[in-house]
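If you read the protein sequences in the order shown, they are chains S and D. Here the first sequence stands for residues 1 to 211, numbered as in UniProt numbering. Here the second sequence stands for residues 1 to 211, numbered as in UniProt numbering.
Hints are computed from structural coordinates only; laboratory data are not their basis. Incorrect hints may appear among the rest.
No copy labels: a pair is met if it fits in one copy or bridges any two.
[Said to hold, decoys possible] Keeping only pairs whose Cα atoms sit at most 30 Å apart, straight-line, the calculated DSSO-like set for lysine-lysine is:
no.	residue 1	residue 2
1	K8	K18
2	K155	K203
3	K203	K80
4	K8	K203
5	K18	K203
6	K80	K8
7	K155	K18
8	K155	K8
2 protein chains.
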Amino acid sequence: MRVGELSKRSGVPVPTIKYYLREGLLPAGVLTSPNQAHYDDEHLRRLRLVRALVDVGDLSIAAVRDVLAALDTRDDTLHKKLGLVQEAISQPGTGELDPLAVEDVLAFFRRQGEECADVTDSNVTHMLATALSAARSVGHDHFRELLDPYLEGLKIIAQADVDYIATRGSTDDIVEGMVVGTLIGDAVIKAVRRLAHAQVSRKVLSDGPED
Amino acid sequence: MRVGELSKRSGVPVPTIKYYLREGLLPAGVLTSPNQAHYDDEHLRRLRLVRALVDVGDLSIAAVRDVLAALDTRDDTLHKKLGLVQEAISQPGTGELDPLAVEDVLAFFRRQGEECADVTDSNVTHMLATALSAARSVGHDHFRELLDPYLEGLKIIAQADVDYIATRGSTDDIVEGMVVGTLIGDAVIKAVRRLAHAQVSRKVLSDGPED
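Construct all of the structure, not just a fragment, from the sequences and the given hints.
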């Protein structure tokens, strides 16, 4: 297909596609004449992935380049590649770390049989330790007890997420689905969690007749 | 107790307590002499709640005043009060609404037997419709299919949240627990979800030997 159709099928404007080509985020098309290049479905998939990383993941062009380089490494498993991308689209926590909260996170990871030597080694563990530190700072030391039931509920959600992307054929499509599913999913989960709260609280906490 | 002990037991500095007193967020203590007031456990509970709303919920002083007024209304059930507070600590979505995403949200609420006439009526439904609109804008129309499994997982989490706060005695304590649990819980869920992804993906998606 020509660049116009690539734009139409991806929803990405032609000038943006040309910018991605110049920045090396999209491989050049095959020249069919001095002024015309031909693009295929590989380009379309890569373009959708780049757009997800930039628009949904809010990644810089340099960070997108790093992610693509990791994906294009042949040796790693898909699982490992997804882990790298997940780390790239996650923000570390901001705020002070309470040593007791750090210990809570390490104990949680040990219970799960997961390796974690230092919570600052990854954005995910750092985010978790920061949140538990914030809970401790307002006197909620027992918040750590929620980690196990949270993980139980989140495994159901993760299974749905993996089912959602696992039918996709190419690595680019799977990674694109993971970026969208992880980041837009965070917002969806935040909202649906409030509905779940309302449903459970209606059963448990109502202390008078409903109107 | 005197203001110094109130400060010590709550972790809130004396000048901040005095500011809350001036703003009417904390009822005045009982004067035991012209210069000395006495505070009780009610004050301590209210102070912790105000701090959670300000520090964790990031609410303005005016918004805190509204929340407290709602809590101090005698007629409503606790369930209804929690709903009001939940709405106060939630942000509406930002971004354009896609009419098809709005229809997805309304259909989801109908399936759940929940009332929702207009997604912009509440911050929670607006947040959800905005997130699904963002998914549609990058070609993920089927994201709506994740809503039901997400709710299933989030009910487990909501049950843990309600158990966490239900043992608390007073309405102020329950509401304080809900504010902390909802907002700090959002960050914890975000992090633990990534661990759950890694665990599920390791089982399902590994396409080669792990190192």
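Against the structure, the hints:
1. K8 - K18: within (14 Å within a copy, 61 Å between copies)
2. K155 - K203: For K155 and K203, the Cα distance is within 30 Å both inside one copy (24 Å) and across copies (12 Å).
3. K203 - K80: between (42 Å within a copy, 12 Å between copies)
4. K8 - K203: neither (49 Å within a copy, 37 Å between copies)
5. K18 - K203: neither (56 Å within a copy, 39 Å between copies)
6. K80 - K8: neither (33 Å within a copy, 48 Å between copies)
7. K155 - K18: So K155 and K18 fail the 30 Å test inside a copy (40 Å) and across (46 Å) alike.
8. K155 - K8: neither (37 Å within a copy, 40 Å between copies)
When held up to the earlier numbered hints, the structure conflicts with 4, 5, 6, 7, 8 and fits the remainder.
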